[in-house]
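Q: Listed below, chain by chain, are the residues.
Protein chains: 2
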Amino acid sequence: MIKPGDQLPSLRKLSQELEISLLTVRKAYQLLQKSGLIVIQSGKGAFVRGVTKRSSKVLNNFSWQDELNVNITRSQYSLNRDRKYYDFSQAILFPRLLPNQFLAQEMQSLLRTNELVLATYGPIQGDRELRMELSSYLQREQGIKAEPHEIMITSGAQQGIDLIAQTLLKPGDTVIVESPCYGAAIDVFTNKGVNVISIELDEEGIQSDLVEEVCQKIKPSLLYVNPSFQNPTGILMSRQRRKELVDLAELYHFFIVEDDSFGEIYFDDISVPPPIKTFDKNGHVLFLKGFSKTLAPGLRIGLLYAQGSVFDWLYAVKALMDIGSPLLTQKAVLAFLRTERMKHHMEKLRTALQLRRDHASDLLSSLSESVQFQVPKGGFNLWLKLPQKVNTFGLLKKAQEHNICFLPGEACFVHKPLHAYIRISYSLLSDTDLNTGLQRLNTILSAEI
Amino acid sequence: MIKPGDQLPSLRKLSQELEISLLTVRKAYQLLQKSGLIVIQSGKGAFVRGVTKRSSKVLNNFSWQDELNVNITRSQYSLNRDRKYYDFSQAILFPRLLPNQFLAQEMQSLLRTNELVLATYGPIQGDRELRMELSSYLQREQGIKAEPHEIMITSGAQQGIDLIAQTLLKPGDTVIVESPCYGAAIDVFTNKGVNVISIELDEEGIQSDLVEEVCQKIKPSLLYVNPSFQNPTGILMSRQRRKELVDLAELYHFFIVEDDSFGEIYFDDISVPPPIKTFDKNGHVLFLKGFSKTLAPGLRIGLLYAQGSVFDWLYAVKALMDIGSPLLTQKAVLAFLRTERMKHHMEKLRTALQLRRDHASDLLSSLSESVQFQVPKGGFNLWLKLPQKVNTFGLLKKAQEHNICFLPGEACFVHKPLHAYIRISYSLLSDTDLNTGLQRLNTILSAEI
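Residue numbers (full-length UniProt numbering), protein chains in the order written: chain A, 1 to 449; chain B, 1 to 449.
Just to be clear, a hint being listed does not mean it is correct.
The list treats identical chains as interchangeable, and a pair is accepted whether it falls inside one copy or across any two copies.
With a cut-off of at most 35 Å between alpha-carbon atoms, the simulated DSBU-like pairs for lysine-lysine come out as follows [claimed, not checked]: (1) K281 - K13; (2) K377 - K397; (3) K170 - K219; (4) K377 - K34; (5) K281 - K377; (6) K217 - K170; (7) K331 - K348; (8) K416 - K170; (9) K243 - K145; (10) K84 - K348; (11) K219 - K416; (12) K281 - K44; (13) K416 - K34; (14) K44 - K219; (15) K84 - K331; (16) K243 - K13; (17) K145 - K44; (18) K84 - K145; (19) K331 - K343; (20) K145 - K389.
I should point out that these hints are in silico values taken from the structure, not numbers from a laboratory.
Could you put together the complete structure from these sequences and hints?
A: Listed below in structure tokens is the structure:
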């Protein structure tokens, strides 16, 4: 005898007992519910309806999702990154340092004369004119001889990293990175289920003899490096080290991903060694360059230069990722590269950032000797080594109370580091805010160490 | 005694014999080469230099790459798709049907008043104003109640598919698709190393009883469908079928990817059933909508609406894919959605496409009865079933000689289909070219069947 309030058998149980499909049982229960005889409560079951009217409001229940095994092991972007007014956490340029007005004008004129630029998919590989211009640019500015057909336009260097990982990596493969390393690159590799091995840097960059030691034990699929003004440390890899990495790639048949987002932001008129790609003869180096750091992050434009069959594989995957980057934003970058403006802009940028670096270094040098850092010769970041006792997340919390944020060093390591580090980006704030923010940070740091 | 022309031991052999690192042996050989004593030929080895000067020009050698096992099993975009003037191969709108002038003006005014739009990364999830507007749009036009925080902006629906696959699929997982199916979706899933099972459509859409049969044997991770004006067949899934799919997803704990790129392009004033997402209570449906088919492919804007933890996972992966889509192109879509223009534009679009469909159907109906097709009630495509003997690739080759191209049906199947099919998109050509092209195609088809 079934009474009001009684629970009916589960769908699965009834389906098994009666040997009918789950969907059929479900339909029967839904008919009973519709006719008012039973109430179905999501996640609980089906109940015989009582005489008193019960609320049958069904709440959403997403909990089944939490039992899934998904491909997210780490992502620095999904940390609760509570941005503050004095934001030292992002390696992004102060907007007023960018050629916004010129870019805006160029885009306006482009839209006036060629309204169809919005109406067509561009080529998957990227706009041909832009690739031709980038080919000249790379040759002129960095001595890289890339043919336009060997260049692919990506949505920033970040998409280049993800594209390469999607194309080449399988779970269980090995990837070598620098220690410390750009955090979002570690995230991409880790989420692909690969074994990420990090190798310490010295003042010349990643230690190639240690890379070879790894190679002798296990063949890596790829090695990811920022040779020039490495993110986060600012270290400039020596010419010798660059050549050795290509030699190792030849010997052990792996790819080098050369992420050159900061290579053109050098200070003190120092000479930057040629990109690793210039030493590569046999297609071992996949060269990435983003324009988000130098031109306009809002445009999301980067380039990938690769040679050999790997180019075709990357092309096939890029097509399936997004059928190509937007044409309009590519045309805007084209307009800029074509003029003399890029050259002048880069000169202005180097000067402005060098002043910021000087300012930030001076202010932080006044701290106790237990805060150590190298003055970087380029890039956007200062990498501070703090006494071991400091808890960087605790420090961040205190800083946030004073409207300040920075990047805890942990984001840049594969395993928990032995020391405490924080990354300070001096690129994003106005000069005044940089000054005020760093003085506040100084006070907070001094209290902790 | 070593003589000119003799080959030296390989690096690896010498390294093993002398128990020194490969890099050291390489350096020694390089010194010998520099001093002119030996010649190193890439891929061949090191040779003692003869008295006569030999050309030591080293050619690039990319062949090592071809031994790698990469993640490209299939990609319709890497087929040699030789585009022709009469292009029926692409489901893209004729550019003059798009609101280019308005979009161009809006972007110009946006750039005039807010030049900083180029200078900042937008939010990873997408511009907040656009998400708010899309939330109203979905509610108004399709009865979908999506909160702005549950919407993510992607670079077209294609990125949505790839994002979902990257986040949720592991090699060996099972994905169910329609048979036939949008080819680039099959490509994405296949390249992730999953088991893709395709289920035949009937006139109501994918056959849910066959889906359940699969589920009883193996739990799928996701089911990918185009419920409205399916690509390539144009089939409109019934309301009943939509509900059954949600029931199955509940019972067997999988996600449904509802790709709704064509849902608003309906003809003959027919009524389109509500999106599958409207029947979903517990976060089983991931709803994708691209604006490339209706507004501007050059903008590369789409949306993904998801509920529950899966939203956070997708967010984390989107961040690592490209740190968010460009802000400028998002603002352009916003301008359009905010006005009454979208409504008028869609009405105009439906009328224009319906005329094209009528025209194309009429012309192709004059063919022999051995060419079969259903007149679609929406969308961009006619799906022709040809006699079994026809080789669609051979047919394409002949068509290309007459400056015509189309999509061979094979691109839309997981396994080789039993019949011959081709997809004719009537969306891209001008009215005149559509007429001329179809008449030519008719002649070619008639000769083949």
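Q: For every hint, state whether the structure bears it out.
A: Checked hints:
1. For the homomeric pair K281 and K13, the shortest alpha-carbon distance between copies (23 Å) is at most 35 Å, but the shortest distance inside one copy (65 Å) is not.
2. Taking identical chains as interchangeable, the C-alpha atoms of K377 and K397 lie at most 35 Å apart only when both belong to the same chain, with a minimum of 30 Å there against 58 Å between chains.
3. In this assembly of identical chains, the alpha carbons of K170 and K219 lie at most 35 Å apart whether taken from the same copy (13 Å) or from different copies (23 Å).
4. In this homomeric assembly, K377 and K34 come within 35 Å of each other (Cα to Cα) only across copies, at 32 Å, whereas the closest approach inside a single copy is 72 Å.
5. In the homo-oligomer, the alpha carbons of K281 and K377 lie at most 35 Å apart inside one protomer (29 Å), although the nearest pairing across protomers, at 56 Å, exceeds that limit.
6. In this homomeric assembly, K217 and K170 come within 35 Å of each other (Cα to Cα) both inside a single copy, at 19 Å, and across copies, at 27 Å.
7. When the C-alpha separation of K331 and K348 is checked against a cutoff of 35 Å, the pair qualifies both within a copy, at 23 Å, and between copies, at 29 Å.
8. Proximity of K416 and K170 under a CA criterion of 35 Å is satisfied in both settings, with 25 Å inside one chain copy and 27 Å between copies.
9. Taking the shortest alpha-carbon separations for K243 and K145, only the intra-copy value of 17 Å comes in at or below 35 Å, while the best inter-copy value is 57 Å.
10. Taking the shortest Cα distances, K84 and K348 sit within 35 Å of each other inside one copy (27 Å), while across copies they are farther apart (47 Å).
11. Taking the shortest alpha-carbon separations for K219 and K416, only the intra-copy value of 25 Å comes in at or below 35 Å, while the best inter-copy value is 37 Å.
12. For the identical chains of this complex, K281 and K44 are inter-copy neighbours only, at 14 Å across copies versus 64 Å inside a copy, given an alpha-carbon limit of 35 Å.
13. In this assembly of identical chains, K416 and K34 lie within 35 Å of each other by CA distance neither inside one copy nor across copies; the values are 56 Å within and 44 Å between.
14. For a Cα distance limit of 35 Å, the shortest separation of K44 from K219 across copies, 22 Å, qualifies, whereas the shortest one inside one copy, 51 Å, does not.
15. Taking CA atoms no more than 35 Å apart as the test, K84 paired with K331 passes in both settings, with 34 Å inside one copy and 25 Å between copies.
16. Proximity of K243 to K13 under the C-alpha cut-off of 35 Å is restricted to the inter-copy arrangement: shortest distance 22 Å between copies versus 67 Å within a copy.
17. In this assembly of identical chains, K145 and K44 lie within 35 Å of each other by CA distance solely across copies; the values are 25 Å between and 65 Å within a copy.
18. Taking CA atoms no more than 35 Å apart as the test, K84 paired with K145 passes between copies only; the shortest distance there is 32 Å, against 43 Å inside one copy.
19. When the C-alpha separation of K331 and K343 is checked against a cutoff of 35 Å, the pair qualifies both within a copy, at 18 Å, and between copies, at 30 Å.
20. With identical chains, the CA atoms of K145 and K389 are never at most 35 Å apart, being 49 Å at best within one copy and 50 Å at best between copies.
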